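K.L.:
Chains as they are written, first to last, in this note's numbering: chain W, 3 to 476; chain A, 3 to 476; chain Y, 3 to 476.
Simulated from the structure, these hints should not be mistaken for laboratory data.
Don't take every hint at face value.
Copies of one chain are not kept apart here, so a pair can be met inside one copy or by any two copies together.
Claimed, not checked - Derived DMTMM-like pairs (lysine to aspartate or glutamate); straight-line CA-CA distance at most 25 Å: (1) Lys357 / Glu326; (2) Lys247 / Asp179; (3) Lys357 / Asp68; (4) Lys472 / Asp84; (5) Lys475 / Glu244; (6) Lys62 / Glu124; (7) Lys357 / Asp331; (8) Lys357 / Asp84; (9) Lys357 / Asp83; (10) Lys357 / Glu104; (11) Lys475 / Asp434; (12) Lys475 / Glu104; (13) Lys62 / Asp422; (14) Lys472 / Glu104; (15) Lys62 / Asp83.
Given the structure is predicted, the values throughout are model-derived calculations rather than measurements.
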Amino acid sequence: MPARAMNLIHDDRLFPANEALRDIARRLYNEIRELPLISPHGHTQAAWFAKNEAFPDPAKLLVQPDHYVFRMLYSQGISLDDLEIGVEKMKDPRRVWRIFAENYYLFRGTPTRMWLDYAFQELFGLEERLSAATADLYFDVISERLRTPEFRPRALYERFRLEVLATTDSPLDTLEDHKAVREGDWKVRGVTPRILPTFRPDPVVDPEYAGFQENVAKLGQMTGEDATTWDGYLRALRRTRERFKALGCTATDHGHPTARTADLERAEAARVFEKVMTKRADAADEELFRAQMLTEMARMSVEDGLVMQPHPGAFRNHNRQIYEQYGRDMGADIPMPTDYVTALRPLLDLFGNEKNYTLILFTLDETTYSRELAPLAGHYPCLRLGPPWWFHDSPEGMLRFREQVTETAGFYNTVGFNDDTRAFLSIPARHDVARRMDCVWLARLVAEHRLEEDEALEVARDLAYNLVRKAYKL
Amino acid sequence: MPARAMNLIHDDRLFPANEALRDIARRLYNEIRELPLISPHGHTQAAWFAKNEAFPDPAKLLVQPDHYVFRMLYSQGISLDDLEIGVEKMKDPRRVWRIFAENYYLFRGTPTRMWLDYAFQELFGLEERLSAATADLYFDVISERLRTPEFRPRALYERFRLEVLATTDSPLDTLEDHKAVREGDWKVRGVTPRILPTFRPDPVVDPEYAGFQENVAKLGQMTGEDATTWDGYLRALRRTRERFKALGCTATDHGHPTARTADLERAEAARVFEKVMTKRADAADEELFRAQMLTEMARMSVEDGLVMQPHPGAFRNHNRQIYEQYGRDMGADIPMPTDYVTALRPLLDLFGNEKNYTLILFTLDETTYSRELAPLAGHYPCLRLGPPWWFHDSPEGMLRFREQVTETAGFYNTVGFNDDTRAFLSIPARHDVARRMDCVWLARLVAEHRLEEDEALEVARDLAYNLVRKAYKL
Amino acid sequence: MPARAMNLIHDDRLFPANEALRDIARRLYNEIRELPLISPHGHTQAAWFAKNEAFPDPAKLLVQPDHYVFRMLYSQGISLDDLEIGVEKMKDPRRVWRIFAENYYLFRGTPTRMWLDYAFQELFGLEERLSAATADLYFDVISERLRTPEFRPRALYERFRLEVLATTDSPLDTLEDHKAVREGDWKVRGVTPRILPTFRPDPVVDPEYAGFQENVAKLGQMTGEDATTWDGYLRALRRTRERFKALGCTATDHGHPTARTADLERAEAARVFEKVMTKRADAADEELFRAQMLTEMARMSVEDGLVMQPHPGAFRNHNRQIYEQYGRDMGADIPMPTDYVTALRPLLDLFGNEKNYTLILFTLDETTYSRELAPLAGHYPCLRLGPPWWFHDSPEGMLRFREQVTETAGFYNTVGFNDDTRAFLSIPARHDVARRMDCVWLARLVAEHRLEEDEALEVARDLAYNLVRKAYKL
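Bound conformation, chain W alone:
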């Protein structure tokens, strides 16, 4: 059967040029392409599904919220003002879209291009390449479709065959939207869809987070605990975790600058807490506090079973002018070298051999794959490796991950794919890339007689579906 060629995306996309490899990859992929999607870590909004309102126009949907998109445009001299970044009610979305379309060639060779082309064709039926010439056609077609019932969030959730979709939420969030979905009458194949919160305590555990002290005070109010004391603060966190768990949460997420952990004596921990709460802490105190809090979170995970996901290694808001003018998350976070071996030791000394504890590690520093992460995950029972993250969530990034990790940690110390996206429409495209690249890697092992095809197929299914369910306790 010849592959079906289309304008934007090709049935054999990402498969190797070599026919033998391509045939194996295609066979493996065809067995897993229809498996449901599980999205255990991402940044979609529960409100979309609770309210089920139409998504706005193409610029508001695809350009404004996607820092992969606007950081590239910005890097080539296009101002964030011209793109109306951060503007609540866009003045001229069609103009923004045209700027994007004219510069779409900048994304050649990037995963953003693949994700968008997939959505353009698969969701909107577009088959001509996006460019200045087709900018208006795209704007009109997408705008029209977005007004139809088939493009409401719930309809897309079903169309995407999502089985679980985890959001990322502050401890200060009331989770009203999660409750609304959980208690509402929306059903998919007879059951309530699993839109689950994830506990991300950064606003109340990172002293550098804007409004940290006020956030902790609010946490106290929300839980009825005296969060101004170390013990009360820990109790307030425990209670909040319980509140999240009650709504189906199975995991926590931690966006610390480093992976550093600490194991302070109780009195010392309380003293550091008091310093950060009274704004007398210097940078070292703040880092020590975050380090101690990773350990406290681990202790709570051992108790309540929530799976822990640190996402360290980003220098946040590197561009000072952009931060001062536009705020956080403006595409100016830059990875840094990240240490795991010494950083995680205090935590691992305490909980590294706990049966009931799962710690899924992520990195923005790929040098740690073969040097630190695979050796750690190939030994400690609590450790698993999350998929290639953020900048490295690309075909090449995925191959680098498998090539550098498998030899030491195998497949079964990894946890399948996370799309980690705020771009809801890109979710199927991202999982598709991950599934294809895992099949490409497995095809190589089969073609080189290192794995039989029946084993490769089992691994492909595990990577696409089973491992993520197991690792995240879904």
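Go by the hints and put chains A and Y onto chain W.
P.N.:
The following block gives chains A and Y in isolation, referenced to the frame of chain W:
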């Protein structure tokens, strides 16, 4: 001639899917596959060959001593107790074997799988995949074979076509077993087999080594030197190196945490020695002492010609609970970032241009291949690069090494393969992987018209046989 | 059409073995192979073109000045004296050439081999492999050709289809040779060839540079400024930049050990300047001064538009004995880990968002490609990424660059190729390798249906020609 397909291992294993590449790789490999094996660095026991006793059962032979095997099982929640790790006389080896067999799928994609499958098929004639279903079959077949004369250590040594086998030995070892082999009547093709000791002074040069002070005292007794003084200590080391040399030793090995070297004034070195001997040294003193000792070892190598091999970069015994309960070498050593450029400078300032000095560098930090090691080895006459080590002794690791090193250091600043193993039965498999992967890399150069095939064949022979003999002065 | 096979170089060299990939790569390459060469950064001498004298013999031309060549020979125990390195008037160039020829096998798998074979065949018509047997043939043929008019510098410039050739020059250089070319009557296709200076201020901004204080004094004399004061020193630099600009210079170059920048208060900067000028500075002061000077250079670039190129990360003159005996640039520079994220922040805080500012980053630490450089260049409008540099200017190095950079920075934040060479005869070979490897990478994207071939062709042209003109303002 079509490739012979078998159940566990395939004649074309590891060769690329592309036919043109595969044909070249196969041609190169067929010219070198029968070359004798030289194993210049490893952890087998001279006693095996001195005593020539039968190896015990499959679990004792293949599971218990192999940290590649049990670290993976442990990482997936199987307890070391269930695997009877560290148990002298195993209670239920068949049960241990069954646990291993049930979990053999964990090794998919790892070199351990390839090494074991090779041994299962080539040595024991097994052709069905190891699994829960075949666990007992394997146990019985392997047990039976191990009782036959063909599976005694000496018979296997001959069968493996070993030409040299170097062990790794403490300066406190009497080397009785080496002497016994050397003076015994076992001959291979008319000559005494070259089972050679390697001088690994860690127990007497690393102040963090268990019993360091007592070890130094014992070194003094064994050599008749007053090893409590700096000069006497150095003389004792010199004498011990001579004792090793007399038994055929050509190399030293150094398992320091870092590659740091130092060039202290004599009085300062003596002062640091006194501190570490009297247990008044802090961590910085200990590191400085080790650094100075690398330089002292280099100085002795310039004198006596022993080839020097530092193996830096491992955080030893990272898992504190496991270390306290089971001791060293329990699969919990984790690589760390490793510096060579500044670390080696004091030593290279002294001996970097010495004609009679060879320093073979190894690393667990692959980022140093293209950044530090290849540029260093591509300049200093004393330097050579050891093969991919430990966690990176895998098909992908070997390709990464050649891809990142060849451009700057060429082939002739590398030294061929080290199996570095305690798993005697895996030696042929490991060399086979290395020979295949070097042929894969060479085939790419030939197919891309960067090397003629006659040159590639010469290089393949040099990498498999000649370079190791030359570098290790064998 | 079958590929034309020849003895030393093959028409399909560097293209993949897979036919589909090779066909695409070949098609792309055939469209760009004849594009003119632009060499915006290198180390040729304007004097060659001003004087247009014949190049000397093969040893003086190809061995003595090429540290890629003699570092490899030195690493294998051949003395620099035997190679007559640093000898003004060589005593026995034929003997040097023979040593080189006998050891030419050492370069197997290196880019040096490819560059030389290209020159041997394409320029000198040699088709037999260089070896001991052909050493004299080579020496005689090359010597003879070098005496012909076709091998004078200007004739080669035209033959190489060079459109721009930038040299690298000290602020203390009078640029007489550049003036001579600019004002002379040599024309290529009717216009004066663009042999342009590049402003490399290391001798007057790096306090560790030999003769720094005297250099600054001389700078003052040449500009008529009082360079002993901070303000006068900065004015002297500004004036010198203007002098370079007047001769067509469009860029600056900075060989600092690190990428560190600083933003000191004026008084503090003046104080550090005084310290380094009066030799009271320690290593930290010197590093701080260099850091401040990168920022000052950036400030001037914002004013005068010169494109800025830091080349950080080399530990210069690592081999102390060689440095003491033979001086700088003896093949003993070794890369080090290099930080960009924190190092560049002071400069980027000031000028990161300037429209008129271009900062082209280079590295010797490939770990920064995906972790730091691509994320930085994929965000900041002033940043662009220079091509793989020095040790990494190899086929594998080029693929690593594209594989790790494209996903995040795309193609349009890169600037095409720099040959960066002192070996004039290798310029066409080096550009040829770069063009081929870019086509190999693009062919993969096309074959994997990630880019249409018409787009790939546009990118190939941009990488070979357009981007470099734009980035360097040529």
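K.L.:
State for each hint whether it applies.
P.N.:
Outcome of the hint check:
1. Taking the closest pair of Cα atoms, Lys357 and Glu326 come within 25 Å of each other only across two copies (19 Å); inside a single copy the shortest separation is 45 Å, beyond that limit.
2. Taking identical chains as interchangeable, the C-alpha atoms of Lys247 and Asp179 lie at most 25 Å apart only when both belong to the same chain, with a minimum of 15 Å there against 62 Å between chains.
3. Only between protomers do Lys357 and Asp68 lie at most 25 Å apart by alpha-carbon distance; the minimum there is 23 Å, versus 39 Å within a single protomer.
4. Proximity of Lys472 to Asp84 under the C-alpha cut-off of 25 Å is restricted to the inter-copy arrangement: shortest distance 23 Å between copies versus 45 Å within a copy.
5. Taking the closest pair of Cα atoms, Lys475 and Glu244 come within 25 Å of each other only inside a single copy of the chain (16 Å); across copies the shortest separation is 60 Å, beyond that limit.
6. Proximity of Lys62 to Glu124 under the C-alpha cut-off of 25 Å is restricted to the intra-copy arrangement: shortest distance 20 Å within a copy versus 56 Å between copies.
7. Within a single copy, Lys357 and Asp331 get their C-alpha atoms only as close as 36 Å, which misses the 25 Å cut-off; across copies the closest is 22 Å, which meets it.
8. Proximity of Lys357 and Asp84 under a CA criterion of 25 Å is satisfied inter-copy only: 15 Å between copies versus 53 Å inside one chain copy.
9. Only between protomers do Lys357 and Asp83 lie at most 25 Å apart by alpha-carbon distance; the minimum there is 15 Å, versus 51 Å within a single protomer.
10. Taking CA atoms no more than 25 Å apart as the test, Lys357 paired with Glu104 passes between copies only; the shortest distance there is 20 Å, against 54 Å inside one copy.
11. Taking CA atoms no more than 25 Å apart as the test, Lys475 paired with Asp434 passes inside one copy only; the shortest distance there is 23 Å, against 41 Å between copies.
12. Taking the closest pair of Cα atoms, Lys475 and Glu104 come within 25 Å of each other only across two copies (23 Å); inside a single copy the shortest separation is 45 Å, beyond that limit.
13. In this assembly of identical chains, the alpha carbons of Lys62 and Asp422 lie at most 25 Å apart only when taken from the same copy (19 Å versus 45 Å across copies).
14. For a Cα distance limit of 25 Å, the shortest separation of Lys472 from Glu104 across copies, 19 Å, qualifies, whereas the shortest one inside one copy, 44 Å, does not.
15. In this assembly of identical chains, Lys62 and Asp83 lie within 25 Å of each other by CA distance solely inside one copy; the values are 14 Å within and 58 Å between copies.
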